[in-house]
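> Top to bottom, those sequences are chains A and B.
So in this note's numbering, spot 35 of the first sequence is number 35, and the numbers just go up one at a time.
Plus 1000 on top of the position in the second sequence (first one is 1) and you've got this note's numbering.
Worth flagging that the hints you see were computed from the coordinates, not collected in a lab.
Treat the hints with caution; some may be incorrect.
[Unchecked claim] In silico SDA-like pairs for lysine to any residue, Cα to Cα no more than 25 Å straight-line:
#	chain 1	residue 1	chain 2	residue 2
1	B	Lys1156	A	Val41
2	B	Lys1028	A	Val19
3	B	Lys1156	A	Val19
4	A	Lys87	A	Asp40
5	B	Lys1032	B	Ser1185
6	B	Lys1032	B	Val1044
[Stated by the list, open to error] Covered stretches of chain B, as calculated for chain A (at least 3 residues, CB under 8 Å):
#	region
7	1042-1056
8	1077-1089
9	1222-1229
[What the hints assert, rightly or not] To give an idea of the chain A side of the interface with chain B (calculated C-beta under 7 Å), a few residues:
#	residue
10	Ala3
11	Ala4
12	Ile6
13	Leu7
14	Ser10
15	Val11
16	Phe14
17	Phe17
18	Tyr21
19	Ala30
20	Cys63
21	Pro67
22	Ala121
23	Phe122
24	Ser123
Quick caveat: nothing in here was measured; it's all calculated off a predicted structure.
Note that the Cβ used here is the ideal one computed from N, Cα and C, for glycine as well.
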Amino acid sequence: MMAAIILVCSVAFFLQFFVPYCRSLIASSAEHMLSAEVQDVTGIRTQAAGDDFARVMQLLMLCPDRPEDRGEIRAVGMYFRLLNVVKTAARRLTPSVLAWAERERGRCTYFAAVALDRRVAFSRDLLAQQIEA
Amino acid sequence: MPGSASYAILLLGTLLEALVVVCAVRRKVLKKYFVLNLYMLLCVFVSLGRYHILTHDGGVKSITYRYFYFYSDALLTIILYFGLISLYISVFEEMKVERYLRMGAIVLLAGTSWFSYAVVSQSSHRMLTYFAFELSQNLYFVGLILTYVLWAAVLKMRHTQALLVQLVLSLGIYFSAYAASYSLSNLHPTLYSYVAYMVPVIGCLLPLSWAYAFWRVPDEARLSPQRLAMAGSR
């Protein structure tokens, strides 16, 4: 009984920390303006829809890996999956939570688009260095 | 002997712990977050010690390894506890309550030690080892509660330093993930073998997120914690 209470409390605490942590990662990308190329490829201008996340992630995986953003992309990917669960659970219960989850999913997509933008710039730099060499 | 996966996780964790200190030195925040970095540095030495015992003294089931594991874990937990208190001191810096925080921390540590002793003295022959284990477990729980209170204080006081916010949240994730995994194994002992693999992975999360914070988040970066909390949706 005690272990069950501790488990429930610690999962609740975990979510209380994990959600703001992921939002702090996403917050850094919110101010970033997407380049024209990435806007064209993804169709995202200033706001993104949660349903585009998988598509943007596929584009992201086509780009050369940047070790700097690997961890944060994984964390935001986990957060996105958690939001999918919340969205499914909240669909019939609370519309306000559903709207919140949808907004957050959109932010995750925008974060992925920013990561894509940075990877494109990274690849371009790599190519330029190779040409110079 | 543990499998190659365990060695890989141990190696990864050790590298990440070292990376935290390197990133803190590069960012020139070593002095500011000294206790946190001291904890990571000690983690590196403890990991090396554990690796040495694993390879030279009979592996994970040897008595030497068990003693070393529990005593070093208790020591590291105490250092991490003081690391958490140092974050409290940073958050409450402007209120000039450092002395009271230090006193409170020592009283709370003494209280936790006394409670651990009281639990162990009733039921154990090998008291010192069980005391180390009990103290470590209780301090994890105290750490979780204190981190939650600290996060509430950050929200209440509208503390905007992004680096500090990420350090606190990472610590909260680490403590709560540990607490969840231990309670899960208590609830379903059959899951213990899975939890035994999960614990070192969780152990890698803290150095990973701290290394990221020291590496990528500038000391002067600001964000609004209210916007990060679950209730503040926009």
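> A separate judgement is required for each hint: does it hold in the structure or not?
The hints, checked one at a time:
1. Distance restraint check for lysine 1156 of chain B and valine 41 of chain A: the Cα-Cα separation of roughly 42 Å exceeds the 25 Å cut-off, and the hinted pair is therefore not satisfied.
2. Taking the CA atoms of lysine 1028 of chain B and valine 19 of chain A, the gap is about 29 Å. The hint is violated against a cut of 25 Å.
3. For the proposed pair lysine 1156 of chain B and valine 19 of chain A, the alpha carbon gap of about 18 Å is at most 25 Å, so the pair holds.
4. Of the supplied pair hints, the one linking lysine 87 of chain A and aspartate 40 of chain A is violated, its CA atoms being roughly 28 Å apart against a limit of 25 Å.
5. Simply put, lysine 1032 of chain B and serine 1185 of chain B have alpha-carbon atoms about 37 Å apart, too far for the 25 Å limit, and the pair is violated.
6. Pair hint lysine 1032 of chain B plus valine 1044 of chain B holds up; C-alpha atoms about 20 Å apart against a cutoff of 25 Å.
7. Residues of the region 1042-1056 of chain B lying with their CB closer than 8 Å to a CB of chain A number 0, which falls below the three-residue condition for coverage.
8. Judged by the Cβ-Cβ criterion of 8 Å, the region 1077-1089 of chain B is not covered by chain A as claimed, because only 0 of its residues qualify and three are needed.
9. Look at the region 1222-1229 of chain B against chain A: 5 of its residues bring a Cβ nearer than 8 Å to a Cβ of that chain, three or more, so the hint holds.
10. Taking 7 Å as the C-beta contact cut-off toward chain B, the hint placing alanine 3 of chain A at the interface holds, the least distance being around 4 Å.
11. With a least beta-carbon distance of about 6 Å to chain B, the hint placing alanine 4 of chain A at the interface is held under the 7 Å criterion.
12. Contact between isoleucine 6 of chain A and chain B, as hinted, is supported at the beta carbon level, the nearest pair being about 4 Å apart and thus within 7 Å.
13. Checking leucine 7 of chain A against chain B by beta carbon gives a least distance of about 4 Å; that is within 7 Å, so the hint holds.
14. Hint status for serine 10 of chain A: holds, given a least beta-carbon distance of 4 Å to chain B, under 7 Å.
15. At about 5 Å, the closest approach between the beta carbon of valine 11 of chain A and any beta carbon in chain B falls short of 7 Å, and the interface hint on this residue holds.
16. Restraint check, phenylalanine 14 of chain A versus chain B: the minimum CB separation of about 4 Å is within 7 Å; hint holds.
17. At its closest, the beta carbon of phenylalanine 17 of chain A sits 3 Å from a beta carbon of chain B; the interface hint therefore holds under the 7 Å criterion.
18. The beta carbon of tyrosine 21 of chain A comes within 4 Å of a beta carbon in chain B, closer than 7 Å, and the hint placing it at the interface holds.
19. Interface hint status for alanine 30 of chain A: violated, as the beta-carbon distance to the closest one in chain B is roughly 10 Å, over 7 Å.
20. A least Cβ separation of about 19 Å between cysteine 63 of chain A and chain B goes past the 7 Å threshold, and the interface hint is therefore violated.
21. The beta carbon of proline 67 of chain A comes no nearer than 11 Å to any beta carbon in chain B, farther than 7 Å, and the hint placing it at the interface is violated.
22. The closest approach between the C-beta of alanine 121 of chain A and any C-beta of chain B is roughly 16 Å, which is over the 7 Å cut-off, so the hint fails.
23. Given the 7 Å rule on beta carbons, the hint for phenylalanine 122 of chain A is violated: about 15 Å separates it from the nearest Cβ of chain B.
24. For serine 123 of chain A, the shortest C-beta to C-beta distance to chain B is roughly 20 Å, which exceeds 7 Å, and the interface hint is violated.
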